[in-house]
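Each chain is listed here by its residues.
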Amino acid sequence: SQQGEEDPQALSIQEGENATMNCSYKTSINNLQWYRQNSGRGLVHLILIRSNEREKHSGRLRVTLDTSKKSSSLLITASRAADTASYFCATPQGGSEKLVFGKGTKLTVNP
Amino acid sequence: DVKVTQSSRYLVKRTGEKVFLECVQDMDHENMFWYRQDPGLGLRLIYFSYDVKMKEKGDIPEGYSVSREKKERFSLILESASTNQTSMYLCASTVGQGDSYEQYFGPGTRLTVT
Chain A
6 SQQGEEDPQA LSIQEGENAT MNCSYKTSIN NLQWYRQNSG RGLVHLILIR
56 SNEREKHSGR LRVTLDTSKK SSSLLITASR AADTASYFCA TPQGGSEKLV
106 FGKGTKLTVN P
Chain B
885 DVKVTQSSRY LVKRTGEKVF LECVQDMDHE NMFWYRQDPG LGLRLIYFSY
935 DVKMKEKGDI PEGYSVSREK KERFSLILES ASTNQTSMYL CASTVGQGDS
985 YEQYFGPGTR LTVT
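Keeping their order, the protein sequence lines are chains A and B. For any residue, its number in my numbering is found by taking its place in the first sequence, counting from 1, and adding 5. For any residue, its number in my numbering is found by taking its place in the second sequence, counting from 1, and adding 884.
Hints were generated in silico from the structure; no laboratory data involved. Remember, predicted model here, so these are calculated numbers, not experimental data. Treat the hints with care, as some may be off.
Cβ pair distances, simulated, as ranges [claimed, not checked]:
1. B:M938 with A:S56: 24 to 30 angstroms
2. A:R55 with B:E914: 20 to 26 angstroms
3. A:G99 with B:E953: 24 to 30 angstroms
4. B:D910 with A:Q14: 34 to 40 angstroms
Idealized CB from N, CA, C, for every residue including glycine.
Taking the hints into account, I'd like the entire structure generated from these sequences.
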């Protein structure tokens with residue numbers, strides 16, 4: 006029951022550059038969430054954007070949502086080596102408490 | 885801060901053994917989840933519990949069962965471990981605000997079945 010699909014699968018950038026990850030989904034949603042996972046650890050919630058929002062900021066994170074295209078993007082500005090992680094988008098399954106996660110984008114920030 | 889803990893970070897078991905993975909959350913959340921994560925497949929939901937003694941199958945429940953006797957604790961049971969159950973297992977719980985359910989994850993248990 007895969008819903009979100011992230012793109013690219015992997016991204017390698019230099020410290021200080023911006024990183025952009027995209028997520029596409031298939032059905033109507035009331036919110037979309039982004040999570041980060043450091044290697045071998047659990048996921049950490051980053052940000053939630055509701056279907057009536059187009060853009061949301063949290064620190065160096067900027068998330069956009071285009072419901073007409075069924076897509077979202079996560080922008081990390083001025084990246085740091087500590088941002089190296091996998092990033093996942095997640096959408097509610099059928100309006101329930103369950104989330105469906107994409108396969109993730111693996112971001113490497115080189116010092 | 886919400887804390888979700890899992891009983892082991894690493895576990896090695898033999899084929900055929902009965903395996904218990906424990907998850908505890910400290911924020912009185914109703915909803916708890918077990919996922920497995922495999923390279924190239926992402927996170928897949930095994931089981932979901934929305935209250936004590938209540939459970940619902942996820943996408944890949946075969947070979948697994950769960951127990952939720954107390955609100956804070958959700959256990960995943962591998963009745964007879966097999967090598968294809970070697971994986972990273974992640975537990976999560978949710979706090980809900982209206983229709984938005986942010987999930988809090990434990991650190992994960994990397995299980996190897998030999």
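How the hints compare with the structure:
no. : hint                                  : result
1   : B:M938 with A:S56: 24 to 30 angstroms : 28 angstroms, holds
2   : A:R55 with B:E914: 20 to 26 angstroms : 22 angstroms, holds
3   : A:G99 with B:E953: 24 to 30 angstroms : 28 angstroms, holds
4   : B:D910 with A:Q14: 34 to 40 angstroms : 35 angstroms, holds
Of the numbered hints stated above, none is contradicted by the structure.
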